[in-house]
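Just so you know, the protein sequences line up as chains H and X, in that order. Residues 1 to 658 (our numbering) make up the first sequence, in order. Residues 1 to 658 (our numbering) make up the second sequence, in order.
FYI, nobody ran anything at the bench for these hints, they're computed from the structure. Treat each hint with caution, since some may be false.
Stated by the list, open to error - Derived DSSO-like pairs (lysine-lysine); straight-line CA-CA distance at most 30 angstroms: (1) H/Lys-620 x X/Lys-586; (2) X/Lys-537 x X/Lys-586; (3) H/Lys-620 x X/Lys-537; (4) H/Lys-586 x H/Lys-537; (5) H/Lys-537 x X/Lys-620.
There are 2 protein chains.
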Amino acid sequence: MATDTSSPASAPATETGYQQPTVDVGSLLELLDGRYRDVRELVRTNLVTYDAVLEDAEQMPTDDFRDRVRDLVVEMAATGQTGMGFPSEYGGGGDIGASVAAFETLAFGDLSVLVKVGVQFGLFGGAILQLGTRRHHDAYLRDLISGRTMGCFAMTEVGHGSNVQALGTVATYDAETAEFVLTTTTPEARKDWIGNAARHAELGAVFAQLEVGGERHGVHCFVVPLRRDGDVLPGITIEDDGLKMGLNGVDNGRITFDGVRVPRENLLNRFADVTEDGVYESSIENPNRRFFTMLGTLVQGRVCVGGAGINAAKVALAIAVRYADRRRQFEATNPPEEDLLLDYGQHQRRLLPLLARTYALHFAQEVVADELHQVFSGLEAGEESRRRLESRAAGTKALGTWHATRTIQECREACGGQGYRAANRFAALKADTDVFTTFEGDNTVLLQLVAKGLLTDYAGEFEDMDQFGTVRFVAGLAVETVIEKTAVHKLIERVRDVLPGGDEWDQEAGLLDPDYQRMMFRFREEHMLAGVARRLKRGIDQGMNAGEVFSRVQDHVIAAANAHVERLVLDAFLDKLAGLPDGDQKVALSLLSDLFALSTIEADRAWWIEHGRLSVTRSKAISREVNGLCRKVRPLAVDLVDAFGVPREMLRSPELLG
Amino acid sequence: MATDTSSPASAPATETGYQQPTVDVGSLLELLDGRYRDVRELVRTNLVTYDAVLEDAEQMPTDDFRDRVRDLVVEMAATGQTGMGFPSEYGGGGDIGASVAAFETLAFGDLSVLVKVGVQFGLFGGAILQLGTRRHHDAYLRDLISGRTMGCFAMTEVGHGSNVQALGTVATYDAETAEFVLTTTTPEARKDWIGNAARHAELGAVFAQLEVGGERHGVHCFVVPLRRDGDVLPGITIEDDGLKMGLNGVDNGRITFDGVRVPRENLLNRFADVTEDGVYESSIENPNRRFFTMLGTLVQGRVCVGGAGINAAKVALAIAVRYADRRRQFEATNPPEEDLLLDYGQHQRRLLPLLARTYALHFAQEVVADELHQVFSGLEAGEESRRRLESRAAGTKALGTWHATRTIQECREACGGQGYRAANRFAALKADTDVFTTFEGDNTVLLQLVAKGLLTDYAGEFEDMDQFGTVRFVAGLAVETVIEKTAVHKLIERVRDVLPGGDEWDQEAGLLDPDYQRMMFRFREEHMLAGVARRLKRGIDQGMNAGEVFSRVQDHVIAAANAHVERLVLDAFLDKLAGLPDGDQKVALSLLSDLFALSTIEADRAWWIEHGRLSVTRSKAISREVNGLCRKVRPLAVDLVDAFGVPREMLRSPELLG
């Protein structure tokens, strides 16, 4: 190819010894599959077995398709694919990491199936497992793991999507009958968007404000029977959310409770209980902390959605890159033969940095999935590990799902009009993944959570901060709390310390030096955080309304969190590389990590220039280097997407891929 | 509202005399409607009359919905809405500007209806009108204007989307029978994505390589009967393109011709003809120029799609802004009451610069629609006006449709999970507008066209440059041609001249000074163009393969075109403002033009810094000013979206808007 043999764009010094590598697809796939290769292989086999579901999604009437997806989920459950995270004594696989790997891989296929699996086993099953105790496990786990009992996770309400602590559904304890009475107190308190509710769920894990003897104890979770033999039970009203942009194989619904009674034992009582005669008891005294401890056990959902987003992006890239390597348009290099799209510089610019970022996010996801496994398998204990996990899960989910939205759109446009056909996957990918950015935590809210964790982490004070939710962070009171707990001057010292060589270091380091890249990312993160802290503090000190201070600093807060997560992503990629033996694979992946690091710096280069860490000359050199890296990655691009291991059947796209 | 009364963010000097304006929605709507207020009013009335089609789109089986859309288009035709651009002697309205205004306004509603109208009256009707002569007008116009005869526009082929000059369908003249014989020569030459083809079209305007006596004369257009009484005619094979991401009310299809014969008179012969005994004649000698002259007459389609994209963005903004002004989430300012989403700084940042850009694009669209009207009504003649129009149409279409994609996505995310319901419009808006970025000219290809026009324009040499298409620009040969014709040194002089005050000017001008903003935009445009020209020339001079030179400079080329079009957009906005009387409306629109200008500079601020036109201090001041402008626009935001005049029925969204 004409562009492959071109001389490198960057300065000769950085090029010493560079030889264009080749990629062994099989060995790279093995690396990406990681320790759960067998699990991923099982899911890929299942995806191919049930590949007809991709067409069913287009052709079946909604209710038929919903039933089809349910049946398919139950069939997959029988292969062990969906129960890997549950204890083996109930028929599960006893391996949390395996369950994440299985879920991520499932994202190569129809995403209604994925979300139905997430609802049944992740959300509903997760609530029973994590918030319940032995009696609940004995009663429900075996049947939910097999799919014999379908359930739903009824948290979100019309009035409260993100602010879960303010839910309006109330569960009042009736000591006379030893029952809880669940009531939807206002139209705003109606449960909404509950997956599995409109058609299939027999049970619900329902979140409500617990009231005992006239006293409120905050949000707790109750097992509530919703249907028997397909009929909705008395006191419960279920409406269908109707047609959605995508994911129409999932039956989302709205639930209203009108004095619905459940036995006292239906409170999922791992963290709190009510005695028969109506005394509230909890091992966690502080209500805020209790709430966030409960929510924190459900972090797996976020880890899974982030991974699913990244894998959906892989499907889009696999199609667009392969298409660009066979589609010719306009004669440029050797008329009259037209050139391949992927030989055009602009086309490389569109696709290859996204390819690099996908690899980077893949390795970052590997880290967070591993942390989840460590923490939830009890291999790593302690409050701090949990907080770190929750923050990392929130950040990776936000960046991973935004990346999916952006990548799928870019890939679709890069395939021209043909990308518009439903059979070419982009229609489903776009429509189905769209909600990933706002469900399991709205991305902007999640990044605020990350930022807040950082501000408090850095001050070294952990107690009683509501890490998982986000309520207090945006609440006026909490702005002050955060500020008090954050030693601003410490942050600023850290910013100075982080660049050991002083101001001269960036003059000497090569652009492709991983230490240079790390330091650039680290500097941005620390400097932004210090700035946020300073601005928050100044506003409060000046007597401004805390809410207004927050509103003004909010974009800065989110930028700081983004900088932090991008640094984690780079670290994950570089750490992975450091562990690889020398050879072509390492060289190829280094091209991608350089492309990820430099295209990320390029995109935000104004910031580094404004903060004295990037000269104009060097900034321009980075843009040239990004172009140069694109040209080097170009001949590897098809192998690099093949190594994602997306089964050919999942790509469809007969016109695009031939 | 807490944030409304806050003190302005910018320096006091720029704030002298500023008073927060109010917006008179009725009077602003009148301004936006412009000279075609009555036309837009008629379309709005029709949209409301047929508002049930929005639900039909979700509920009807595909073929039923296609028929429904066809019927609706015919009914709308009876109101005069769709025929405004055709000569009155055939039942049209005789006003090209009116037809654009009608089309743009139709984009508030179901977009299958819009595209069906575009296919029938814009593409098919436009081909008959612009490429045909009296005999074709007499034969077809009356029936196509009324919708009695449905037609299609068969240009695109499987193998050639953007590179139209290389089409593979051949029309051979048979002098013995005085007929053209149309043949699909290869599988790649099959017509594809032809709207109206799968089900409704009786006639096609078919583009094919004309061959007379063994000699090729390039692409010409022929009227070809496709169906009679609903049956496809012999020699013609039509396949259905099947389900698409969106626009499923339009019956796209694939057409193959196997020796299909049409009379000699069916050649649309405005620019070229074949005599009965087989002599090719044309008033335009140069085949390239002839081709692009023919294509150039079809520019109206691009103008219309750009306007439709901008108006689709208005629908999304109207929903998201109103929702953000009533949805509360988290208590920040005055606990325990939760705050309105639109009072959060980040939410303002998400939506309000997009609102400002929508206004800017609206006025830019007004300019290009007016130019179209002038040129095609013969009010303004000459090659130069046509070229300017074509370039402006290409640029506005690219920026307008990308803006639609981005705005709809951001608005959807800003509405959280509720934005995912089909009834809330975002599903249809996303799916239906998606293809706008790649049809009627792929946006990246269009921007290359714009850049090429600029390079040649600036050199002052116009002859024989294929302005409309894009083939030659990416072709190696043409790179050299462009370079030869472009006096690089002239460009560089212009860059120096464009900033009359020398290097000091930006130190003194206020950020809100329109002259400052104009000069910034202008400088970027000129400097980027000069850079492109220099890089192209250097590559060629160094003996590099022309295609490779182009590939390397391509992102720079596209950035230059983007800079040019953004400058045109700013000019359009500022020119509009200059013509307004002093008062609140002008003040309010000035906030938007400032927000557009400064957020555009902010987004690309690295470039200006790198090129010595923006100091770091000033760059940070711009970011602060953008935040300050967002706060000033915030209390006007609902009125500003109301003034778009999107009928309430077109917004739907019962949950979001109450």
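Of the numbered hints stated earlier in the document, which are not met by this structure? 1, 2, 4
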